[in-house]
Amino acid sequence: MLYLLALHAFLVAAVLYITFVVNARDGLLRWAGWFSLAGFALDSLGLVDAHVSGGSTLGPAGMFYSMMAWSTVGFFHLLVWKKKVDVLGVIVLPLAVLFNSLALLSTSDVVTPTTPPIWVSLHVAVTTWGEALFALAAASGTIYVYQDWRLRNKQIHGSQYLPDLQTLDALGLTLIRWGFFLLTLGVGSGVAAALVFDRPQLLSDPISMVFKVTWGLYLALLLIRAAGRIGGRRSAILNIGSFTLALVAMVTTFLMAGGVMHAADKVVG
Amino acid sequence: MDLVLVGISHRTAPIELRERLSFPADELAECLLSLCEMENVDEAVIISTCNRTELVASGPAGRGLSKIVARFMAEDRKVPESELHPVLYRYHSWEAVNHLFRVTASLDSMVLGEPQITGQVKEAYHAACDAGVCGPMLNRLFHKTFQVAKRVRTETKIAENAVSVSYAGVELARRIFGKLEGKEALLIGAGEMAELAVEHLLSAGLAKITIANRTHERAAKLASRFGGYAIGWGDIDSELQHADIVISSAAAPHYVLNHERLESVMRARRYRPLFLIDLGVPRNIDPDCAEAEGCYVYDLDDLEGVVEENKKSRYAEAKAAELIIDAETEEFENYLNGLRVVPTIVSLRKRFDEIRIAEIDRVIARLDGLEDEHRERIEYLTTALVNKILHEPIAALKKAEADGDGAEVTQIVRRLFALDDKDVPTLKEIKGEKK
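Protein chains in written order, with the numbering used here: chain A, 1 to 269; chain B, 1 to 435.
Just so you know, these hints were derived from the structure itself, not from any lab.
Some clues are possibly wrong.
Unchecked claim - Subject to a maximum C-alpha distance of 25 Å in a straight line, what follows is the list of computed PhoX-like cross-link-like pairs (lysine-lysine):
no.	chain 1	residue 1	chain 2	residue 2
1	A	83	B	157
2	B	157	A	84
3	A	154	B	311
4	B	312	A	154
5	B	179	B	157
6	A	154	B	122
7	B	150	A	84
8	A	84	B	179
9	A	83	B	179
10	B	150	B	311
11	B	179	A	154
12	B	179	B	144
The following block holds chain A by itself, in its conformation from the complex (with noise of 0.2 Å):
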């Protein structure tokens, strides 16, 4: 029910923004804020009240779309209260709404446990956290293309919300660093579970190698971007196609196989 509302929350703040985009109003920017807000807390009220009752009927892949609709939202409004760049809503909540209508998707009527041991817990974490900054580095590369296509084309008119290019670039790769660094943390915990616990088989687990190709796919970014070879343009159009396929084949893997929780459980078991 929590998680329902929180859909419909998200729902409207998306709704809310891409209006905002079309019509610069401030007030719809407020409204949309309030909204994603209101949406925040109830899947925060969701996630407690999962741990507390010990299960959830979500499933793995739900929890973790769950949790991702959390961070990414949650990571955004600290964003909006650092930086001031609002205008990101209009990706980040759409994406919202899709981790969240993916988790009631995973529904099922089996109680899944949802109290891991902390070290599980942490790992599932940080995981999330790390893509949850990636999908806001691909919003703000999106972002960044869609100004970069309007200062090419000469339609500066009633754009004045938009952030600039620098602030959208630097803001970009600090958080794909941030999102490396966390997911670096993700998987090495999870390959040091795997060796710990004596589980090989974790190692190629389906989903844990969607985030171990993720990590490489962001690696092979920082790289080419440390290395001074695409400018800003070319590396917002990498970030957004990084995400778009490491999100294709995460979801993908939480059809056709288990996911992480369900590798978890197999270690704790």
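Use these hints to put chain B onto chain A, whose structure you have.
Positioned in the frame of chain A, the structure of chain B alone reads:
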């Protein structure tokens, strides 16, 4: 109470006449005092800018206030009335309020939405306050005027977006770099518009300006003017690796920068964004340069297009601003209308008080040895009686004014109680009484 605004502006008078009719700042206090010394002028404010001279005044109603103010303007500025009258506009009551609101919100400015006029009106008001010629009416009017101007600025986008080509360059640079503090610019050639753009960029916080010109002396001269550096024509490529903004206005028959040359520059600068403003005619920068990663090229036509769009946007916002001003004018008009019945109320009270005092004096003269306490009681009783008798007529007058029948009912009351215009004290008289 009458409120008038008399003046001329860029819409009605040529610059030569505007110059002659302007009030220099150092003479303003003296002029304001002279104006208020004139009969029937209670309060005044003089707004004098390069585009307008407007005199706002208040005084007793029906005594030709606008004629008095217009005559003062002609005499004080030594401009024959025959020359002044064809270009002079006179607004009364709500029209004056509406015009002042429009002027201060920059709806009547030569450049719609320009911010200076609000400051200029504020200065004019403060000058009047300092000269002691601003009373309750103009204080209220001008405070409301500044509130309305602020409302227009915050609730509409009338002041957003550049409306000059040189400033449009700064606005575009901000879309790419955000803050311009610490950024570097390269000026290729030295056209007048390019110099103007550099001035705007420097005031926006540009850290360094480098000037390349075919004539090194000219480059050095400009560099010393802007506090920059002069380089030779051959050093442009190396300087391009550091610059963030390039403004080109060289008189060259061919492109100064082409695509291949810029590609190699961009590689060397690791695709850091470069904003190129081409103000040259014929163009100095190959339009294909815009294809290079990180390059943003704007020529004169592009900038003029941006300015035109911005102007259109301001005109669209002006409609929203007019709605705000109309609503605020209506509100102030209600206040002004309320003031119209005030003189009649004052006269009515004065007449009844005169009767009361006369009757008390007559009665007391017959009563020998009346104690002070009893005298005070009689005073109290008669005052209360007069107040009770007048309560209903005064309430009826105020209601009639609110209903739009104020003028008619006021006339009836004045005739019934034989109230004369001379009964109404002017602000000057009230001030004099206080002194």
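Here is how each hint holds up against the structure:
1. A:83 x B:157: Satisfied, since the Cα-Cα distance of roughly 23 Å is no more than 25 Å.
2. B:157 x A:84: It holds: about 20 Å lies between the C-alpha atoms, which stays within 25 Å.
3. A:154 x B:311: 16 Å, holds
4. B:312 x A:154: Holds: residue 312 of chain B and residue 154 of chain A sit about 16 Å apart, inside 25 Å.
5. B:179 x B:157: 21 Å, holds
6. A:154 x B:122: 38 Å, violated
7. B:150 x A:84: Holds. Residue 150 of chain B to residue 84 of chain A sits at ~24 Å (cutoff 25 Å).
8. A:84 x B:179: Holds: residue 84 of chain A and residue 179 of chain B sit about 15 Å apart, inside 25 Å.
9. A:83 x B:179: Distance of about 14 Å is within 25 Å: holds.
10. B:150 x B:311: 20 Å, holds
11. B:179 x A:154: Holds, because 20 Å separates the two Cα atoms, which is no more than 25 Å.
12. B:179 x B:144: 35 Å, violated
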